[in-house]
Every structure is written in C-alpha cells, then in structure tokens.
Amino acid sequence: MHISVLILWITVFVISLLKVVLGTILFKFTPTRNSFFGYKTKQSLKDDESWLFSNKLSAKLILIIGLIELIVSVLTMIFTYKEYDTANDIIIPFI
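When the letters of the sequence shown are read in order and numbered with UniProt numbering, they come out as residues 1 to 95.
Keep in mind that a hint or two might mislead.
Derived Cβ-Cβ restraints for the label pairs, each shown as a range [to be verified]:
hint: 1; residue 1: GLU49; residue 2: SER4; range: 29 to 37 Å
hint: 2; residue 1: LEU17; residue 2: SER50; range: 28 to 36 Å
hint: 3; residue 1: LYS28; residue 2: SER4; range: 32 to 40 Å
hint: 4; residue 1: VAL74; residue 2: PHE27; range: 19 to 27 Å
hint: 5; residue 1: ILE71; residue 2: LEU6; range: 14 to 22 Å
In silico BS3-like cross-links for lysine-lysine, where the CA-CA straight-line distance does not exceed 30 Å [to be verified]:
hint: 6; residue 1: LYS56; residue 2: LYS46
hint: 7; residue 1: LYS60; residue 2: LYS46
hint: 8; residue 1: LYS19; residue 2: LYS56
Derived from the structure by calculation, the hints contain no laboratory data. No experiment lies behind these values; they were computed from the predicted model shown. By construction, the Cβ of each residue, glycine as well, lies at the ideal position given by its N, Cα and C atoms.
The task is simple: from the sequences and hints, build the whole structure.
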C-alpha cells in the first residue's frame, strides 16, 4: 500500500471523528451567548431562546455530517484497500 493513501485515509478518519466528538460536546454543553465560540448570527444573538435553538441545531448538523463522513471513510477504506488508485477519487471530495 502506498504511504500517501494511508495518510489520506487516516486524515479523513480523524477529521470525521473530530466532527462527531465536537458535535456531541456542543450539543450536550451548548455555549453561552457571550462565549468565544458558537453559532453567531444576527438572528441567533437576538435572545437566549434563539441562541439555544440555533446552537443545538448546528451541533446536530455537525454530528450528523461527521457520522456520514465517518461511515463513508470506513467503507472507502474497506472497499479500496486493494485498489488504492481509486481511493483519491472517492475520499478527497469529503475533505
């Protein structure tokens, strides 16, 4: 197996895993309105209810996208293990 393909697979897997972890943390521990991070738009900063709703929704989306990317990256690793020339065509659009 070519080392660059292995590095690509590991990178995509780790990034997807980080999205799942980040989405879970942000969903369970929603940041306060005056915190350094969070989903900040004019509408979400209007009141506490809008802030909570928009940040919970964005955390769910990060979690869902991370799970989809994680599944796709694992399936890509499994199905392209022998044919690593096609791995770049399948994995790179998800980065």
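Cross-check of the supplied hints:
1. GLU49 x SER4: 29 to 37 Å: Violated, since GLU49 and SER4 (Cβ atoms, about 48 Å apart) do not stay within the stated range.
2. LEU17 x SER50: 28 to 36 Å: holds (30 Å)
3. LYS28 x SER4: 32 to 40 Å: Cβ of LYS28 to Cβ of SER4: about 37 Å, so the range 32 to 40 Å holds.
4. VAL74 x PHE27: 19 to 27 Å: holds (22 Å)
5. ILE71 x LEU6: 14 to 22 Å: holds (19 Å)
6. LYS56 x LYS46: At roughly 16 Å apart (the allowed maximum being 30 Å), LYS46 and LYS56 satisfy the hint.
7. LYS60 x LYS46: holds (21 Å)
8. LYS19 x LYS56: holds (15 Å)
Checked against the numbered hints listed earlier, the structure breaks hint 1 alone; every other hint is satisfied.
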